[in-house]
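Each chain, written out:
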Amino acid sequence: MSSTDARLVFATPDGTGIEVFLPDDARAVIETALRRERTRTHERLVVRSRDLLLPSGRRTRRTDELIGEICDEIEAVVASTPTTIDPTTADRLAAALDGLATVRAAYQEPDADLFRSFAAQVELATHGLFRPTRTAAWLLCWPAELVEVLDAELARLTRAMESDDATVARLFPAPHLDPELAEGWDALMRRSLVERRLEAIVEVRAAVEDGHTDEDGVAALLRTVNDLRLMIGTELGISEDDDTARRRGGADRERVDIYEVFGFVLSRLLDALDIG
Amino acid sequence: MSGPGEVSGPIAVLDPETTVSADRPWNVVVWNDPINLMQYVTFVFKKLFGYSESKAHALMMDVHLKGRAIVSSGTRTEAERDVFRLHEYGLWATLEHDE
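As you go down the protein sequences, you meet chains U and W in turn.
The first sequence begins at 1 in the numbering used here and counts up by one.
The second sequence begins at 1 in the numbering used here and counts up by one.
What the hints contain is simulated information worked out from the structure, not anything from laboratory work.
A couple of the hints might just be wrong.
What the hints assert, rightly or not - Covered by chain W, per the in silico footprint, the following chain U stretches (three or more residues, Cβ under 8 Å):
1) 168 to 180
2) 190 to 204
3) 225 to 231
4) 253 to 267
Stated by the list, open to error - Quick list of the computed label-pair ranges, beta carbon to beta carbon:
5) U:188 to W:53: 33 to 39 Å
6) U:206 to W:70: 19 to 25 Å
7) U:183 to W:31: 17 to 23 Å
8) U:254 to W:68: 42 to 48 Å
9) U:237 to W:65: 21 to 27 Å
10) W:55 to U:147: 32 to 38 Å
11) W:98 to U:155: 39 to 45 Å
12) U:182 to W:50: 24 to 30 Å
13) U:199 to W:37: 41 to 47 Å
14) W:25 to U:147: 41 to 47 Å
15) U:264 to W:77: 47 to 53 Å
16) W:67 to U:209: 38 to 44 Å
17) U:147 to W:67: 34 to 40 Å
18) W:61 to U:155: 25 to 31 Å
Cβ atoms here follow ideal geometry from the backbone N, Cα and C, with glycine treated the same way.
For reference, chain W alone in the conformation it holds in the complex (with noise of 0.2 Å):
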């Protein structure tokens, strides 16, 4: 996928934070909504990330019951094609700075 590498630049730019603290990762963030079905969050997991069965469904239910979880964490671009990825499959996914 072209789109990560593409998009990496002109945030950095817009960034400033980034040439700071590149040593921070960055997580990947799933927020909970009331459409998409647990099952079909579950899946995404495990066909994008990889996760097992019931890791999958450990994060998908701490979106369900906290509101958000923590997916994937790794450098800017990673995070960035992870959640580009995640919206490609239609659910709501962030990235932020580990604190």
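This is chain U alone, in the form it adopts within the complex (with noise of 0.2 Å):
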């Protein structure tokens, strides 16, 4: 494994961890994102801080500064991804994220929104660093982004099943090479899979938005991963010999970037069941 990879998902009841490592671009995504929005929220902090909490106009650096080595903490823990997180590096990355808590509680509208926020985003990103509790079996630490994405390819496949789409037509293969045989099969059997599957959407949902799931969650978040490359791959046309999809430009592009980033999360998932 990369030393530059991060974390992605997480844990096994007995709390001993299971990491499960972001691709380098999407971990440069994040980080970008991160010194982007630390920039600028500290600039307008800084700014607005003198006239907020300097009513009197005379200015003090203590807040801005605080601000600022929680930030640089913070980045410099994001940026270091130990494969175990020794106390020290630990500790360190506490005393930030209470350092943030302290901070954010003290600010009044309207900045305060937006240093939750940057508070907000910092914390999801740096919450897979720490050992996961003992009290949930599968702990789920997904960045914004990669919800999004997951969110919109859901709701793609819904409609597609719901609508019989071509793109889903190898979610449902036929069960008998005789035709007649699979017409039987198919009447009875698709719309109990259709079912299963709108289920399984609805508990992916859940756990990702929860943040932790079980067992059964984990094995919903597989299929259901593996349904969205399915229909992915399905209208990028992918085939054995198919070396273009890598090559496409365009609105393909995208759909192709998707197909990979699912195939990443799967094997990732994957990976971490194993271990598990």
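With the hints as a guide, dock the two chains, each given alone in a separate frame, to form the complex.
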């Protein structure tokens, strides 16, 4: 596993912790977003704090410095991605997040929202670096960008199944090579398969929103992410000898990227299940 | 799962062979496809059939290299149940009467 990978999905019931990693690009996206957000937020907070916290107009640098220190600390820990969390690093991160909580609590409107949003993003990105709790069977901590993509694709999958679209044909293959024998099956089994898939989608949405799930939820996640790959792969016309998928441009390029990200997520889930 | 119990009635009527060759087992065949990850297929075989890592991997490689593999055998009801479960996991599976 490359040393620049960062965590994605996580825990076993005994709390030993499964490290599942984001691809480098996804990590880079998160770090860039954090840096941009931090710079923008920090600048605005610095400017506003002079007015809000120092109504007398006398400038003190303490709050600005504190925010800066916290941001630096968190960025340093996010960037370090150790494969295990040593106590010193864990303490530093805990202290940095405590500091964030303190400063966040002290801010009043309108900047509080801004800072809370930033703090929430940082906490989301860094949460996976902590050891998982022993109360949840599986902890999920997906970056917002990935959740957005998942949400959109789940909506497409639902619509496609409900309208019997050709892109989901692969989800309902014929059980017999003989079409006559397959026909009886189709009428009865297809409805069951659609229902079970719709139930799995509900379970997946809840798991990602709650940030934790159980073994059944993980199985639903696995099947559903695979269904998404099947749908998008069919849409793209992926075939055994098809190398051209990766070379596609335009609108297809984005679909190929999503297809590959889901492949990565699936692979990482499988790694976690294997270890667990 | 209630599916197989409900399915076997109507399909048994459609397939006259069932009544004359009930002692021949039914095989569940998984077919190769260009989308499913090999790692995923192996996992599904382990999860659904309780196969060891090496057996599941060997079956997956058969599917991958030969285009198909028989992954389980049993009564018609059992085979239909297995096909349903494999379809639920996105694999292409069919059932066939043993030769």
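Can you let me know if the beta-carbon spacing of residue 206 of chain U and residue 70 of chain W is within 19 to 25 Å?
37 Å, violated
Does 47 to 53 Å hold as the CB distance between residue 264 of chain U and residue 77 of chain W, or does it fail?
38 Å, violated
Go ahead and decide if the range 41 to 47 Å is satisfied by the Cβ distance of residue 25 of chain W to residue 147 of chain U.
The hint (41 to 47 Å, Cβ to Cβ) holds, given that residue 25 of chain W and residue 147 of chain U are roughly 46 Å apart.
Is 34 to 40 Å right for how far apart the beta carbons of residue 147 of chain U and residue 67 of chain W are?
38 Å, holds
Taking the beta carbons of residue 55 of chain W and residue 147 of chain U, is their distance inside 32 to 38 Å?
Cβ of residue 55 of chain W to Cβ of residue 147 of chain U: about 37 Å, so the range 32 to 38 Å holds.
How does the Cβ-Cβ distance of residue 199 of chain U and residue 37 of chain W compare with 41 to 47 Å: does it lie in that range?
Violated: the Cβ-Cβ distance is about 23 Å, outside 41 to 47 Å.
Examine the segment 253 to 267 of chain U for residues whose CB is less than 8 Å from any CB of chain W, and state whether their number is three or more.
Coverage by chain W holds here, the residue count being 3 at a Cβ distance below 8 Å.
Within 8 Å of chain W's CB atoms, at least three CB atoms from the segment 168 to 180 of chain U: coverage verdict:
holds (count 9)
Cβ separation of residue 182 of chain U and residue 50 of chain W, checked against the hinted range 24 to 30 Å
Hint holds: Cβ distance 28 Å, inside 24 to 30 Å.
Take the C-beta atom of residue 237 of chain U and the C-beta atom of residue 65 of chain W, compute their distance, and say whether it sits inside 21 to 27 Å.
With a Cβ separation near 23 Å, residue 237 of chain U and residue 65 of chain W satisfy 21 to 27 Å, so the hint holds.
Within 8 Å of chain W's CB atoms, at least three CB atoms from the segment 190 to 204 of chain U: coverage verdict:
Holds, because 4 residues of the segment 190 to 204 of chain U bring their Cβ atoms closer than 8 Å to Cβ atoms of chain W.
If you look at each residue in the segment 225 to 231 of chain U, do at least three have a Cβ nearer than 8 Å to any Cβ of chain W?
Coverage by chain W holds for the segment 225 to 231 of chain U (4 residues, Cβ < 8 Å).
In terms of the numbered hints stated before, the structure departs from hints 6, 8, 13, 15, 18, listed from lowest to highest.
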